[in-house]
Every structure is written in structure tokens, then in C-alpha cells.
Amino acid sequence: MSILSIQNVVKSYDQYTAVDHVSFDVPKGSVFGLLGPNGAGKTSLIRMITTITGPDEGQILLNGTRLNDKSPEQIGYMPEERGLYKKMKVGEHLLYLARLKGLSEAQAKKEIDHWLEKFEIKSWWNKKIEELSKGMQQKIQFIATVVHKPMLLILDEPFTGLDPINTALIKDEIANLNAQGISIIFSTHRMEQVEEMCDHIVLINHGKNVLVGEVNSIKNEYKQNLFEVNHEGDLPEDFKSHFELVGQNKDAVTVRVAENSDSNDLLRYFLEKKIRIHSFKEILPTFNEIFIRRVEETGGK
Amino acid sequence: MSKLKLIVWREYITRVRKRSFIIGTLLAPLGMLIYMLVIVGLSKYEGGSSTSVVVMDEAGIVKQLPDDSGVRYTITRDKTLDQLKTAVSEGSYDGVLRVPALKSLQQEDITLYYYSDKKLAPEKRNDIENRIAGKIRDFKIDSLRLDRSKMDMLATDVSIDPEKITGEGEDESKYTAGIGLAIGGIMAFIMFFMVLMYGQMVMRSVMEEKTNRIVEVMMSSVKPFDLMLGKILGAGAVGLTQVVIWVVLSGAVWMLLPLLVNIDPSQMQPVMSGTPQVDPDMVQAEGFHILAEISKQNWPMIIFAFIIFFLGGYFIYASLFAAIGSAMGDDLGEGQALTLPITIPIILAFYITAFVGVRNPDSGLMVFASIFPLFSPIVMPFRMAFSPPWWQIALSLVLVVAAAFFFVWLAGRIYRVGILLYGKKVTFKEIGKWLFYK
Numbered sequence: 001m002s003i004l005s006i007q008n009v010v011k012s013y014d015q016y017t018a019v020d021h022v023s024f025d026v027p028k029g030s031v032f033g034l035l036g037p038n039g040a041g042k043t044s045l046i047r048m049i050t051t052i053t054g055p056d057e058g059q060i061l062l063n064g065t066r067l068n069d070k071s072p073e074q075i076g077y078m079p080e081e082r083g084l085y086k087k088m089k090v091g092e093h094l095l096y097l098a099r100l101k102g103l104s105e106a107q108a109k110k111e112i113d114h115w116l117e118k119f120e121i122k123s124w125w126n127k128k129i130e131e132l133s134k135g136m137q138q139k140i141q142f143i144a145t146v147v148h149k150p151m152l153l154i155l156d157e158p159f160t161g162l163d164p165i166n167t168a169l170i171k172d173e174i175a176n177l178n179a180q181g182i183s184i185i186f187s188t189h190r191m192e193q194v195e196e197m198c199d200h201i202v203l204i205n206h207g208k209n210v211l212v213g214e215v216n217s218i219k220n221e222y223k224q225n226l227f228e229v230n231h232e233g234d235l236p237e238d239f240k241s242h243f244e245l246v247g248q249n250k251d252a253v254t255v256r257v258a259e260n261s262d263s264n265d266l267l268r269y270f271l272e273k274k275i276r277i278h279s280f281k282e283i284l285p286t287f288n289e290i291f292i293r294r295v296e297e298t299g300g301k
Numbered sequence: 001m002s003k004l005k006l007i008v009w010r011e012y013i014t015r016v017r018k019r020s021f022i023i024g025t026l027l028a029p030l031g032m033l034i035y036m037l038v039i040v041g042l043s044k045y046e047g048g049s050s051t052s053v054v055v056m057d058e059a060g061i062v063k064q065l066p067d068d069s070g071v072r073y074t075i076t077r078d079k080t081l082d083q084l085k086t087a088v089s090e091g092s093y094d095g096v097l098r099v100p101a102l103k104s105l106q107q108e109d110i111t112l113y114y115y116s117d118k119k120l121a122p123e124k125r126n127d128i129e130n131r132i133a134g135k136i137r138d139f140k141i142d143s144l145r146l147d148r149s150k151m152d153m154l155a156t157d158v159s160i161d162p163e164k165i166t167g168e169g170e171d172e173s174k175y176t177a178g179i180g181l182a183i184g185g186i187m188a189f190i191m192f193f194m195v196l197m198y199g200q201m202v203m204r205s206v207m208e209e210k211t212n213r214i215v216e217v218m219m220s221s222v223k224p225f226d227l228m229l230g231k232i233l234g235a236g237a238v239g240l241t242q243v244v245i246w247v248v249l250s251g252a253v254w255m256l257l258p259l260l261v262n263i264d265p266s267q268m269q270p271v272m273s274g275t276p277q278v279d280p281d282m283v284q285a286e287g288f289h290i291l292a293e294i295s296k297q298n299w300p301m302i303i304f305a306f307i308i309f310f311l312g313g314y315f316i317y318a319s320l321f322a323a324i325g326s327a328m329g330d331d332l333g334e335g336q337a338l339t340l341p342i343t344i345p346i347i348l349a350f351y352i353t354a355f356v357g358v359r360n361p362d363s364g365l366m367v368f369a370s371i372f373p374l375f376s377p378i379v380m381p382f383r384m385a386f387s388p389p390w391w392q393i394a395l396s397l398v399l400v401v402a403a404a405f406f407f408v409w410l411a412g413r414i415y416r417v418g419i420l421l422y423g424k425k426v427t428f429k430e431i432g433k434w435l436f437y438k
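These protein sequence lines are chains A and B, in that order.
To convert, note that position 274 of the first sequence is 274 in our numbering; the numbers rise steadily by one, no gaps.
To convert, note that position 265 of the second sequence is 265 in our numbering; the numbers rise steadily by one, no gaps.
Please keep in mind that the hints were generated in silico from the structure rather than gathered at the bench.
Fair warning: there could be bad hints in the mix.
When the alpha-carbon atoms are kept at most 20 angstroms apart in a straight line, the in silico SDA-like pairs for lysine to any residue are as follows [stated by the list, open to error]:
| id | chain 1 | residue 1 | chain 2 | residue 2 |
| --- | --- | --- | --- | --- |
| 1 | B | Lys3 | A | Val146 |
| 2 | A | Lys110 | A | Ile121 |
| 3 | B | Lys424 | A | Asp14 |
| 4 | A | Lys127 | B | Lys5 |
| 5 | B | Lys18 | A | Gly102 |
| 6 | B | Lys5 | A | Ile121 |
| 7 | A | Lys89 | B | Arg15 |
| 8 | A | Lys128 | B | Glu208 |
| 9 | A | Lys70 | B | Leu6 |
| 10 | B | Lys140 | B | Ile110 |
| 11 | B | Lys5 | A | Glu105 |
| 12 | B | Lys223 | A | Gly102 |
| 13 | A | Lys87 | B | Met151 |
| 14 | A | Lys128 | B | Ile22 |
| 15 | B | Lys424 | B | Leu435 |
| 16 | A | Lys149 | A | Lys128 |
| 17 | A | Lys149 | A | Asp14 |
| 18 | B | Lys3 | A | Ala106 |
| 19 | A | Lys87 | B | Leu435 |
Listing some non-contacts, in silico: residues in chain B with all C-beta distances to chain A over 10 angstroms [said to hold, decoys possible]:
| id | residue |
| --- | --- |
| 20 | Val88 |
| 21 | Arg137 |
| 22 | Ile214 |
| 23 | Met218 |
| 24 | Val398 |
Beta-carbon label-pair distances, calculated as ranges [as the list claims (entries may be wrong)]:
| id | chain 1 | residue 1 | chain 2 | residue 2 | range |
| --- | --- | --- | --- | --- | --- |
| 25 | A | Lys128 | B | Met32 | 46 to 54 angstroms |
| 26 | A | Ser123 | B | Arg213 | 46 to 54 angstroms |
| 27 | B | Phe368 | A | Gln15 | 40 to 48 angstroms |
| 28 | A | Ala252 | B | Tyr422 | 46 to 54 angstroms |
| 29 | A | Gln15 | B | Leu30 | 53 to 61 angstroms |
| 30 | A | Asn126 | B | Leu365 | 51 to 59 angstroms |
| 31 | A | Gln15 | B | Ser2 | 35 to 43 angstroms |
| 32 | A | Lys109 | B | Ile23 | 30 to 38 angstroms |
| 33 | B | Val401 | A | Ile292 | 58 to 66 angstroms |
| 34 | B | Ser20 | A | Asn176 | 19 to 27 angstroms |
| 35 | B | Val401 | A | Gly54 | 25 to 33 angstroms |
| 36 | B | Thr211 | A | Glu221 | 40 to 48 angstroms |
| 37 | A | Gly161 | B | Ile23 | 30 to 38 angstroms |
All residues carry an ideal CB built from backbone N, CA and C; glycine is no exception.
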């Protein structure tokens with residue numbers, strides 16, 4: 001069952017097609033990475049999911065029903081470009097945003113208290129937004145995004161501008177919310193974060209969906225049968241006639257194993273030659289590499 | 001509370017709470033009070049030290065002059081000019097005024113000579129000239145043996161009292177036009193001021209939301225149209241609050257002013273315009289006529305129409321300003337080109353009223369301007385005081401309401417696209433395209 005289903009969605013501005021027949025599903029309870037280079041159409045897509053704009057063609061289902069007037073109350077969105085009303089006080093600002101998401105005044109107060117307490121910033125209630133540092137404002141922004149207990153959370157580069165301590169804090173909270181069953185769409189350029197946090201991804205380029213699936217299976221799909229062997233001594237001379245040597249340094253080699261053989265063949269070779277092995281591991285492609293490869297393959301038009 | 005109400009409430013409360021609003025609202029009437037005190041004070045200021053003038057009366061017509069407005073007169077006939085000049089340089093007088101003898105009774109102009117090293121203040125110079133002219137007039141009347149009481153009969157106060165032929169409507173007095181002008185002028189000015197000031201306030205606030213990026217968060221919770229409308233309604237409510245406070249405070253100031261400067265209001269007018277004493281009974285009679293004239297106006301109709309025109313004009317222009325604000329970046333200078341087409345009709349409407357309406361409120365241009373919805377909110381309230389045909393008022397009202405709805409709708413179409421567009425210089429051609437986006 002998917003929390004969000006994008007079905008053949010098209011969005012164009014003038015002659016420019018920002019989103020071109022994109023389809024994918026976000027599984028319920030997943031942390032879903034929405035990736036793509038700048039100008040790929042991510043923001044256009046997010047704006048349609050958050051009902052800021054509507055698709056020209058296709059449809060978007062949230063938890064099985066088409067997006068409607070009530071959908072915004074079930075979605076929490078933290079845009080990359082963030083802002084708050086600088087002259088408002090922290091408490092009333094959060095109250096305002098929470099009530100716009102459909103909470104009653106009492107409910108909103110309760111939730112805001114809970115979050116301020118959790119972040120140990122209860123004393124900020126009467127502070128003006130403009131008195132806060134950028135990182136502090138980001139915390140308020142995060143609370144505003146989650147205060148109405150959305151079923152789907154959309155975070156666009158949520159860690160930019162945060163120091164390592166606050167990054168860890170927000171990361172923990174995201175994990176917490178995910179554990180409570182909230183699905184999260186995570187848009188970022190930072191591939192190490194994708195590998196760390198996401199279980200599914202979609203990659204958009206030139207408005208088209210170029211890669212979608214589970215993180216682990218994508219990695220498997222994109223592996224190139226490369227192994228790194230850390231060994232003692234020199235390589236035997238006939239090594240190259242058996243295996244493809246991709247790289248070599250002082251005491252480690254990177255080897256590509258042919259499609260018809262497997263890693264054990266490589267291991268067996270070293271054992272038979274009585275070469276001592278210190279380490280042996282498969283090199284899986286990083287998301288950075290997959291990302292660049294797919295973008296280059298699909299770009300250039 | 002619905003979302004729109006929440007937005008209106010926030011727009012209203014955050015503005016009303018601002019220190020600049022509180023200070024501006026309270027200080028404006030206080031500023032007016034100080035201004036009036038200064039005016040009254042200045043007009044009562046008696047030119048500093050008095051000047052002592054010795055009049056060398058060669059003509060023998062001055063005889064004596066009472067001291068007045070800081071000028072002390074000494075009349076002499078038996079001293080020579082040189083003696084008097086010496087007296088001045090010794091400090092006995094400030095100057096010598098030589099009044100040469102008249103050549104004949106037909107003489108129409110005469111030059112007086114004032115000998116002094118000190119400058120004669122223009123006010124005192126006028127005063128002296130008037131007094132000597134009066135003396136010469138008296139001298140001529142006496143010399144010609146004219147009957148003074150018959151002379152007074154020559155002066156006649158003429159005024160036109162317009163009367164209707166068909167007998168419809170109220171009888172008009174000579175005050176009708178003046179009162180109409182005053183009421184209409186005040187209403188036109190309030191309209192002009194409010195539309196321009198609060199329209200631009202809406203625009204700045206839209207731009208602010210766009211540049212500090214809160215709008216992206218807001219858009220994920222509410223519809224763009226609601227946000228825009230909420231802003232327009234909220235700012236409009238702030239404007240009304242301010243006007244109500246000003247009216248109340250101005251009333252209070254008007255009542256307090258006489259106590260502070262120790263004069264009664266009926267004397268204010270003459271003092272301020274600088275005309276000499278007016279018969280208090282006349283003032284009372286005039287006041288009565290004016291009051292009667294004011295109460296003769298169809299006030300319920302005027303107030304009703306004023307409110308409709310105010311709302312119509314405000315919605316038309318505030319929504320246009322909101323649309324332009326959404327299309328603009330944070331660069332006000334660049335936006336000037338975009339705001340100009342909106343401010344021009346407002347200013348034009350005001351100019352039409354000020355230059356054409358004042359001369360002839362029923363001219364063809366005024367009739368057109370009071371019906372055309374971009375002008376009518378400013379022009380029609382002015383014309384209302386001159387009882388235009390009822391069908392023109394009705395047509396104008398219908399059109400302004402329809403136009404208000406149309407422009408709010410139009411602005412909504414522009415706003416929803418413009419507000420999310422960044423880093424692009426926008427042209428009117430492009431804004432035109434936005435109207436047809438899905």
C-alpha cells in the first residue's frame with residue numbers, strides 16, 4: 001500500500017515541460033528520497049504534491065484518494081527556501097501555522113508545548129522570530145512542519161544551515177516520526193544522506209523519472225562486480241590473463257570479475273597462489289556514482 | 001475559525017500592534033494639534049519690537065494717527081527734514097515718513113518717502129500705506145464736500161442665490177456650492193489618501209512575504225486566493241480602524257483646542273485667514289446658514305454611497321497592488337515601472353476632481369469620470385455633494401461593485417503565479433499570460 005501515488009503527471013509552464021509523465025509510488029512508512037539535479041523538476045513535483053499547484057495531466061493520490069482541499073492538513077512541507085514572519089512571536093507564529101493546518105486552538109497549544117519542551121526551548125514562546133539565530137529559526141520551522149501530525153512529511157534539504165548538533169537532533173526526530181508510521185519524502189543533493197536515511201528513491205532528470213526503486217536493489221543493480229583485495233607481496237604475472245585489473249596501488253588491487261564467474265573464483269585464485277589476503281570486499285557503487293551515471297546517460301538533450 | 005478568518009485576523013493584529021502604527025495613529029492628531037497651535041501662535045505674533053515713526057506731514061492731511069500693530073506715530077508739521085533725520089540718527093525715532101502735499105484732488109497716486117537706515121518690515125509698510133491712504137480718502141471726501149453716509153451707500157454686498165425652475169428638490173442658497181465643494185473635497189481626499197496608502201501597504205506586505213519565503217510554507221496550507229484576500233481584508237480593517245481613531249481624536253482635539261489657546265472657535269476663522277474683525281452676529285448668522293446647508297444634504301445616501309465607493313475603490317486598487325507585489329522581486333526600484341500604471345489612474349482621478357470638478361461638477365468629463373470604475377471611487381463621492389442625477393449614482397455604484405469583484409478575481413489569477421516565481425524580471429506581457437494558466 002502506498003501513501004502517495006504519482007500517476008502519469010505532467011506540468012508545463014509556457015513551452016517548457018517541468019514534469020513530463022512522471023509516475024512512482026511512495027510506500028507507506030518509508031523514507032523516500034526524491035533526487036535530481038538542479039532544475040530537474042523536483043520543486044514543480046513537490047508543489048503539486050503539496051497542492052500549491054495542480055497537474056496539467058495525470059493524478060496524484062494521497063493515501064488512496066485524489067488530492068483535495070483537506071489534503072494540506074495531512075501533509076507537512078518544509079521547503080528548501082524557508083521563511084517565517086519576522087515580527088511575530090514564536091508561540092503565536094506556531095499557533096497560526098498549526099491552526100491553518102486545521103488544529104483547534106487548544107489542540108495546537110498542546111502540540112506546540114510538547115514540541116517546545118522536547119527541544120528544550122519553552123522559554124522562547126514570547127521571543128520574536130527576528131531575535132532568533134538561523135539555526136534556531138530552523139527548529140521552529142521544523143516544529144511548524146510536523147505540529148499537525150501529518151501522515152506525509154516532505155522535507156526539502158532539511159539540514160542546510162544546521163550545525164552538527166542540531167542536524168543530529170533533527171535526524172533523530174525524523175527517525176522517531178518515521179518509527180511512528182509517518183512517511184517521509186526527502187529531497188536532497190547530499191548523496192551520503194540518501195544512503196544513510198532513505199530506503200526508496202526516485203531520480204528525476206529533465207522532468208522525467210529516470211530511476212526508481214529500493215535503495216538496496218538499485219545498488220545491486222548498479223554494482224559492477226568490482227572487488228578490492230588487500231594482499232601481501234606481488235601479483236603473479238598471469239593474473240591479468242584471468243581477471244580484469246581495474247586499479248592497483250601499493251598493496252591493494254581493484255578487480256572486475258567477469259559476468260560468468262563470481263567472487264569465489266577470485267578468492268580461490270589467491271589461495272591457490274598462496275598469496276596472503278588481509279581484506280577482501282565488494283565495491284558497491286555509491287549513490288553519488290549512480291546519480292552521476294544516470295544523469296549523464298539521460299541528460300545531454 | 002475558517003482559514004480566511006485566521007489570515008485576516010493575523011494581518012490585522014500584527015499591524016495594529018506595531019509600534020509604528022500606534023505612534024502614527026496617535027501622533028497624527030497630536031501633530032495636527034501642534035500644527036494648529038503653531039498657526040494660531042504665529043498669527044498672534046506681533047512682529048517683535050514696535051517701530052516708532054515720525055510723520056512729516058507736508059500735506060497737512062494726517063493730523064493724528066493712533067499707534068497700532070507695532071507702529072508708533074508721531075505727527076509733526078513744523079520741523080525740517082534734516083532736523084528729523086538728525087533726530088532719527090540720535091535714536092529718538094526709527095524713521096521719518098515724509099508725506100508730500102497733494103498736487104490736486106484728482107491725483108490718483110502718491111509716493112511717500114521713508115528715511116531710515118533700518119529696513120521697514122513688509123507688514124508694517126503695508127499698514128502704514130493703508131493708513132495714509134485712508135487719511136487721504138477722508139481728506140478728499142471732506143474737500144469735495146461729499147456726504148459720508150451717502151458714500152457708504154455705494155458699497156453693496158452682492159451674492160447669487162440659485163433657484164430651481166421646475167420646483168423639484170430643495171431650495172439652494174448661496175452656500176450650497178461652497179458646502180458641496182467642502183464636503184466633496186474632503187471625501188475625495190480621504191478616498192485618494194486611503195486607496196493609495198493602504199493599497200501600497202498591501203503591496204509591500206505581499207512583497208515581504210515573497211522575499212522572505214514564508215509564502216511557500218503558507219501556500220502548502222492555504223489557497224493563494226485566500227492569502228491574498230485575507231491580506232486585503234486585514235489591511236482594509238487596519239485602515240478603517242485608523243480612520244475611526246483619527247475622527248474621534250480630531251473631534252477631541254477640536255474641542256480641546258479653544259481651551260488650550262483661550263479663544264472661542266468662532267474667532268478662529270478670522271484670526272487664521274488674517275481678515276480684520278467680523279461682526280460676531282454675522283458670524284453666528286453665517287454659521288447658522290452653513291449648518292442648515294450641511295443638514296440639508298442627503299446624509300444617509302452620501303454615507304451609504306461613500307462606504308460602497310470606499311470598499312469598491314479599496315478592493316479594486318488593493319487587489320491590483322497585491323497582484324503587482326506578487327510579480328515583483330524585492331527590488332522596489334524595478335517595481336516602479338509596474339506600479340506606475342496603477343498609481344496613474346488614482347492620481348488622474350484626483351486631478352480631475354481638483355481641477356475640473358471644482359470648476360464644474362457636472363461637466364462631461366466629470367460625468368464620465370464619476371461612472372468609470374477606476375475613477376469613480378474618488379470622483380463620485382465629490383459629485384455626490386452636488387446632487388447629480390440618481391441614475392448616474394446608481395450606474396456608478398453597480399459598476400464599481402462589479403469592477404471590484406472583477407479586479408479581485410483578476411489579481412488572484414496573477415498572484416497565484418507571481419508569488420511563487422523567483423529571480424525573473426517580469427513584464428506586463430508575461431503577466432498577461434499568467435491569466436490563462438490552468
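Okay, which hints does this one fail, numbers in order?
Failing hints, ascending: 4, 5, 6, 13, 16, 17, 19, 22, 23, 25, 26, 34.
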